[in-house]
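Throw the hints in and build the complete structure from the sequences for me.
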Amino acid sequence: SQQGEEDPQALSIQEGENATMNCSYKTSINNLQWYRQNSGRGLVHLILIRSNEREKHSGRLRVTLDTSKKSSSLLITASRAADTASYFCATVPSNDYKLSFGAGTTVTVRA
Amino acid sequence: KAGVTQTPRYLIKTRGQQVTLSCSPISGHRSVSWYQQTPGQGLQFLFEYFSETQRNKGNFPGRFSGRQFSNSRSEMNVSTLELGDSALYLCASSPGGTSLGDEQFFGPGTRLTVL
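Note that the protein sequences, when read in sequence, are chains A and B.
Residues 1 to 111, numbered by my numbering, are exactly what the first sequence covers, in order.
Residues 1 to 115, numbered by my numbering, are exactly what the second sequence covers, in order.
Think of the hints as simulated: they come from the structure by calculation, not from any bench.
Among the hints, erroneous ones may be present.
Straight-line alpha carbon distances no greater than 30 Å define the calculated DSBU-like cross-link-like pairs of lysine-lysine that follow [claimed, not checked]:
no., chain 1, residue 1, chain 2, residue 2
1, A, LYS56, A, LYS70
2, A, LYS56, B, LYS1
3, B, LYS57, B, LYS1
4, B, LYS1, A, LYS69
5, A, LYS26, B, LYS57
6, A, LYS69, A, LYS26
7, A, LYS70, B, LYS13
8, A, LYS26, A, LYS70
9, A, LYS26, A, LYS56
10, A, LYS56, A, LYS69
11, B, LYS13, B, LYS57
Examples of chain A residues toward chain B, derived with CB under 7 Å [stated by the list, open to error]:
no., residue
12, LYS26
13, ASN31
14, ARG36
15, ASN38
16, GLY42
17, LEU43
18, HIS45
19, LEU48
20, VAL92
21, PHE101
22, ALA103
Yeah, the Cβ is synthetic: ideal placement off N, Cα and C, and Gly gets one too.
In structure tokens:
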């Protein structure tokens, strides 16, 4: 079963705009990770945020975590065509090793 | 460092056959995890190996098995293939050790089609 659920399922934006997607999860976590997948290929790790962190930045990416609401958001600023991909959140439960992935958000960036 | 490699990249089998997929992790990584990705079920965890021992297992039938060798390379095997086993099988490696939920480095996947 999937721990995380992303919202929206799909997003279409113009190049240069910002894209925001959200992830909600069910149980307490050790950390939450965001991954990108281009067209049925392997996943690429974007950012990891630990349960005691509230916000993290990496280049044009900003991730927030609200453990009280069991939710996270990923913001991509100044989007580019190369950002077109599916984005997945993955949670690591507090007492476990395995990643549990959400269904993903498909982002399309129009030129 | 070379990334995670998976072989073969594409595979076509018929129902009832068995299949073995191979994964070579990043040099120095001791943990290897396997995932199944399908349009209907999404990304699902199969199992994780660390230092040749299965450390964690997902909710898959016994037809799915795996192993890890002393050089950290891993194989997964699916016996008595069913149509529903058609999927992208992804392998991921991480340094492992005592860290819970390390960043995972994924391979390109093996696309299995069962006819």
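Hints, one by one, checked against the model:
This hinted pair checks out: A:LYS56 and A:LYS70 have alpha carbons roughly 16 Å apart, not beyond 30 Å. Simply put, A:LYS56 and B:LYS1 have alpha-carbon atoms about 26 Å apart, close enough for the 30 Å limit, and the pair holds. A threshold of 30 Å between alpha carbons decides the hint, and for B:LYS57 with B:LYS1 the separation of about 28 Å falls inside it, so the pair holds. Among the hinted pairs, B:LYS1 with A:LYS69 is inconsistent with the structure: their alpha-carbon atoms are about 39 Å apart, more than 30 Å.
The hinted pair formed by A:LYS26 and B:LYS57 meets the criterion: a straight-line CA distance of about 20 Å does not exceed 30 Å. A threshold of 30 Å between alpha carbons decides the hint, and for A:LYS69 with A:LYS26 the separation of about 10 Å falls inside it, so the pair holds. Restraint check for A:LYS70 and B:LYS13: the C-alpha separation of about 42 Å exceeds 30 Å, so the hint is violated. As the CA atoms of A:LYS26 and A:LYS70 are separated by approximately 7 Å, the hinted pair is consistent with the 30 Å bound.
Distance restraint check for A:LYS26 and A:LYS56: the Cα-Cα separation of roughly 21 Å lies within the 30 Å cut-off, and the hinted pair is therefore satisfied. Of the supplied pair hints, the one linking A:LYS56 and A:LYS69 holds, its CA atoms being roughly 17 Å apart against a limit of 30 Å. A threshold of 30 Å between alpha carbons decides the hint, and for B:LYS13 with B:LYS57 the separation of about 25 Å falls inside it, so the pair holds. Taking 7 Å as the C-beta contact cut-off toward chain B, the hint placing A:LYS26 at the interface is violated, the least distance being around 15 Å.
With a least beta-carbon distance of about 5 Å to chain B, the hint placing A:ASN31 at the interface is held under the 7 Å criterion. A distance limit of 7 Å between C-beta atoms decides the matter here; for A:ARG36 the minimum to chain B is near 10 Å, and the interface restraint is violated. Proximity of A:ASN38 to chain B is violated relative to the hint, the smallest CB-CB distance being about 11 Å (cut-off 7 Å). Given the 7 Å rule on beta carbons, the hint for A:GLY42 holds: about 4 Å separates it from the nearest Cβ of chain B.
Against a cut-off of 7 Å between C-beta atoms, the interface hint on A:LEU43 holds, since the closest Cβ of chain B lies about 4 Å away. A hinted interface residue such as A:HIS45 counts as satisfied when its beta carbon comes closer than 7 Å to some beta carbon of chain B; here the least separation is about 5 Å, so the hint holds. For A:LEU48, the interface hint holds, since its Cβ comes within 7 Å of a Cβ in chain B; the closest pair sits about 6 Å apart. With 7 Å as the threshold, the beta carbon of A:VAL92 comes within range of chain B, its nearest partner Cβ sitting at about 3 Å, so the hint holds.
Given hint, A:PHE101 at the interface with chain B, holds; its Cβ is 4 Å from that chain's nearest Cβ, closer than 7 Å. Restraint check, A:ALA103 versus chain B: the minimum CB separation of about 5 Å is within 7 Å; hint holds.
Violated hints, listed in ascending order, are 4, 7, 12, 14 and 15; each of the other numbered hints is respected by the structure.
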